Every structure is written in structure tokens, then in C-alpha cells.
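Student: Turn these sequences into a full structure, and let the hints steer you where they fit.
In my numbering, each residue's number is its place in the sequence shown (first place is 1) plus 60.
It is possible that part of the hints are untrue.
As the list claims (entries may be wrong) - When the alpha-carbon atoms are kept at most 20 angstroms apart in a straight line, the in silico SDA-like pairs for lysine to any residue are as follows:
hint	residue 1	residue 2
1	K468	Q478
2	K468	D446
3	K387	P413
4	K432	T281
5	K119	K387
6	K298	D238
7	K432	A351
8	K387	L187
9	K378	L184
10	K468	N448
11	K432	A358
12	K441	T281
13	K378	L388
14	K323	A341
15	K450	D311
16	K415	Q340
Claimed, not checked - Estimated spans, in silico, between C-beta atoms of each pair:
hint	residue 1	residue 2	range
17	Q349	G133	39 to 49 angstroms
18	G104	T235	48 to 58 angstroms
19	A127	D303	51 to 61 angstroms
20	G104	P344	44 to 54 angstroms
21	Q150	D232	51 to 61 angstroms
22	A127	E239	40 to 50 angstroms
These are calculated hints, taken from the structure and not from any lab test. Keep in mind the model is a prediction, meaning the values are calculated, not measured. Even for Gly, the Cβ is constructed at its ideal location relative to N, Cα and C.
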Amino acid sequence: MSPHVLRRPSAPRAIGALLAAGALTLTACGGSSFDDSGSEEAGGDLSVLIGSSGEAETKAVEGAVAAWAKESGTGAKVTTASDLPQQLSQGFASGDPADVFYIAADTFAGYADNGSLEPYAQDLSNLDDFYPTLTQAFTYDDQVYCAPKDFSTLGLVINSQKWSEAGLTDADVPTTWDELADVAQTLTQGDTVGLAISPEYARVGAFMAQAGGGLLNDEQTEATADSDANVAGLNYVKGLLADGSMAFTTDIGAGWGGEAFGKGQAAMTIEGNWISGAMQADFPDVDYQVAELPAGPAGQATLQFTNCWGIAADSDNKPAARELVEKLTSQDDQLGFAKAFGVMPSIESAADPFKTEYPQDAAFVDSAAFAKNVPTLLGSKDVIDDLNSKLPTLADTDPATILETTQKDLEAVVADSQ
Numbered sequence: 061m062s063p064h065v066l067r068r069p070s071a072p073r074a075i076g077a078l079l080a081a082g083a084l085t086l087t088a089c090g091g092s093s094f095d096d097s098g099s100e101e102a103g104g105d106l107s108v109l110i111g112s113s114g115e116a117e118t119k120a121v122e123g124a125v126a127a128w129a130k131e132s133g134t135g136a137k138v139t140t141a142s143d144l145p146q147q148l149s150q151g152f153a154s155g156d157p158a159d160v161f162y163i164a165a166d167t168f169a170g171y172a173d174n175g176s177l178e179p180y181a182q183d184l185s186n187l188d189d190f191y192p193t194l195t196q197a198f199t200y201d202d203q204v205y206c207a208p209k210d211f212s213t214l215g216l217v218i219n220s221q222k223w224s225e226a227g228l229t230d231a232d233v234p235t236t237w238d239e240l241a242d243v244a245q246t247l248t249q250g251d252t253v254g255l256a257i258s259p260e261y262a263r264v265g266a267f268m269a270q271a272g273g274g275l276l277n278d279e280q281t282e283a284t285a286d287s288d289a290n291v292a293g294l295n296y297v298k299g300l301l302a303d304g305s306m307a308f309t310t311d312i313g314a315g316w317g318g319e320a321f322g323k324g325q326a327a328m329t330i331e332g333n334w335i336s337g338a339m340q341a342d343f344p345d346v347d348y349q350v351a352e353l354p355a356g357p358a359g360q361a362t363l364q365f366t367n368c369w370g371i372a373a374d375s376d377n378k379p380a381a382r383e384l385v386e387k388l389t390s391q392d393d394q395l396g397f398a399k400a401f402g403v404m405p406s407i408e409s410a411a412d413p414f415k416t417e418y419p420q421d422a423a424f425v426d427s428a429a430f431a432k433n434v435p436t437l438l439g440s441k442d443v444i445d446d447l448n449s450k451l452p453t454l455a456d457t458d459p460a461t462i463l464e465t466t467q468k469d470l471e472a473v474v475a476d477s478q
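Tutor: Below, the structure written as C-alpha cells:
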């Protein structure tokens, strides 16, 4: 598996909303504390639990929280988690959770369903500034529970040197499936395959979406895994695998698309904007460009991944927690986080400033216009994990057979949710 979203998810989940090193309990470990004598009147100090991609993210969040604490007069302590889902669950079970915390879209519904989360986001003054599809990912029972922290989309990452050496120009950047197949074949030379991606729904699913499919309908009220569109998307990928112009990373000894791309095993890959940090850290001499994913039979589509700032229903200071989140999701703070550790702002007003500062990532931001969420329905994560165990066999398996079990399992998930 490879980094998703945020960044998030099996190669190094670089940059962003991932789990990192830190405490084994919710309040006893690490972090920075910012106290003020006026905090008791405000309802008590705040504890903030994050999953960090590294020192840059930790320091950026600590700095932003410290600035808010100084201005508001409410103390706040930031703790980095070594296993965020486990530590969140422990905190909720003990009745003493962190006040504010990262929460992933694919685990959000479970916490909303069991009453662990405060549905505060509908009271935010900047609610209308978030990308609508991002707030949709954190909507449960028609309530927007939490504010999207940042997000990632998938783009087509192209090795500039291999592109030019193959005689390709900017005019050849693919905009359709047929064009992608052509350039992938052209770029397949020697030990380099034209395109390599991780064999998981979080990459292959983009082709399903481009064919007009998805595992669930937009309202997440119907399982659609075995649709003709999804079969068409998987058959397209299977065709590229069969002609040798594409490979799964597991078949060429790479941990994820960024590794295969950086090592020159692939001339193109499909990854999110987290690849920027990975390339800078591990393959700084590789020149590349990013394009929007080409359109399939149903038009352009990509997948997006996001996390939100959750607030505990058991928090003793929900007003201050909401004020903190509003500050952390402001344009200034989000652009600061983008500079510090590479995430993309979750608010539309920050799109143009972000693209001006980071033109190389413009395709990722522009892809928000046609991005699709991964399923967030309670129980869907386990079904996707099972699907991911089958996708590596796609080259030798009928796509309809792979999707048959996924369909039945998602039907059960949908039935349980109603």
C-alpha cells in the first residue's frame, strides 16, 4: 500500500496527516504546553492530539496552537501519537479523550455513530469556504461534524527526462485513456515501465471513477461495486498490465509509486501531492511534472483523501476547541502548514495563493473540481481492505469476479447503516 492522505496511507506516508512518533497515552507524553492564568474561566486547557508526518509538521502545529493560546488566553498542549486510532479509542473508552484531534475520513463514521464526536462544524464561520466534497466526507446524519484539515488528490506524475528522451512534448501529455495507453507504451523501454501504480483501490479506483463508477453511490445508500462502469475501469487497467506498458509496484519490487518513479523503474506514476516531499527527500535529482489524470469514458475523475479536526463530545471546553479549529483552518494557518509540510489547504479561498506559491502542484489543486471521495460509511474500510487483497491478482483474474465479493459485502454495510 502507499501513502494516501492525507497522506495520507505503505510507503512512507510522507507529509501530511499521517501517524507519527510520540505518546502512548493521550495526555502523558511529549508535546508542547502553553498555559495562561485565564484558561480556567474559559473552561479549562485544551489537549490536542495529532498524527504527525515528522518534525516539520509537529513544529508547525505546535506553533499555530501556541499562537492561538497566547491570543485567546486558553492553555493548550499538543501531543503527537504513535498510533493515533488506538490512542483515540483509548481516550474515548476512558472518558478522558483529547479535546481536539486529527481523524481520518475512513474512520470518521464509526466515531460519529457511537457519539464520540461533537458535531461542531456547522457553527464555523468559514464552513462555506471548505470544498463541498470535503465537508461531504465528514457529514453524518445530515450534520457536518468536523472541519476538513487539508486534502490530497491523485495526479499523473511524469519523469521529464524520460519523457523528452522518448521524443514526447507537452502536446503529448495524455488527456484520454487512449492517449495514456499510447504514451505508456512509448515510455516502456528497457528496465523502465511506462506507468507503475500501487495495486490498491486508492489508485485503481481512479480508473473506476473515470469510467463512471464507484463502490457506493454519491449518497452512500447503495452498493455499486459490481457495476459495468467499474468492470470497464478494471478491464482498462488489466489491458495495460497485459501489454506490459504498466506494472503494479509489487511486481517490480517497489513499495509504492513514488519509489518506483524515483528509482527510474517507472516513467510515470499516479500519486498524490505527498510525492513532492518524498521526491525532495529521497530523489532530489529527478525532474518531473504533474498533470491532471486523463479522462475516461465518463470524463475526468480522480480520488481525494482528507482528514478533519475532530472535537470530542466529552470535551470540557468545546467553545474554545471550536475557536482553535477555526483558527487552524483559516487561510493564513493553512498556507503556513502548506509551506511547512506540504499539505493542500481545504478551503477554496486558499487555492489561488497556493497555486501561485507552488505552481508545480497546481494540477493537484485543480483536480478538486472532479475529485471523488473514497467511501466513508461505517464498515466500508474493512471491505476496501479485502478488495485491496484481491487487486494484485487483477492481471490474471476476471474483474467481475473480484468485484462480486465487494458488492455483497458493501450491500451488508449499507443495510447495517439504514
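Student: Next step is simple, just say for each hint if it's right about the structure.
Tutor: Evaluation of the provided hints:
| no. | hint | result |
| --- | --- | --- |
| 1 | K468 with Q478 | holds (16 angstroms) |
| 2 | K468 with D446 | holds (12 angstroms) |
| 3 | K387 with P413 | holds (18 angstroms) |
| 4 | K432 with T281 | holds (16 angstroms) |
| 5 | K119 with K387 | holds (16 angstroms) |
| 6 | K298 with D238 | holds (14 angstroms) |
| 7 | K432 with A351 | holds (17 angstroms) |
| 8 | K387 with L187 | holds (12 angstroms) |
| 9 | K378 with L184 | holds (13 angstroms) |
| 10 | K468 with N448 | holds (15 angstroms) |
| 11 | K432 with A358 | holds (13 angstroms) |
| 12 | K441 with T281 | holds (16 angstroms) |
| 13 | K378 with L388 | holds (15 angstroms) |
| 14 | K323 with A341 | holds (13 angstroms) |
| 15 | K450 with D311 | holds (14 angstroms) |
| 16 | K415 with Q340 | holds (18 angstroms) |
| 17 | Q349 with G133: 39 to 49 angstroms | holds (47 angstroms) |
| 18 | G104 with T235: 48 to 58 angstroms | holds (54 angstroms) |
| 19 | A127 with D303: 51 to 61 angstroms | holds (54 angstroms) |
| 20 | G104 with P344: 44 to 54 angstroms | holds (46 angstroms) |
| 21 | Q150 with D232: 51 to 61 angstroms | holds (53 angstroms) |
| 22 | A127 with E239: 40 to 50 angstroms | holds (48 angstroms) |
Consistency with the previously given hints is maintained throughout, with no hint failing.
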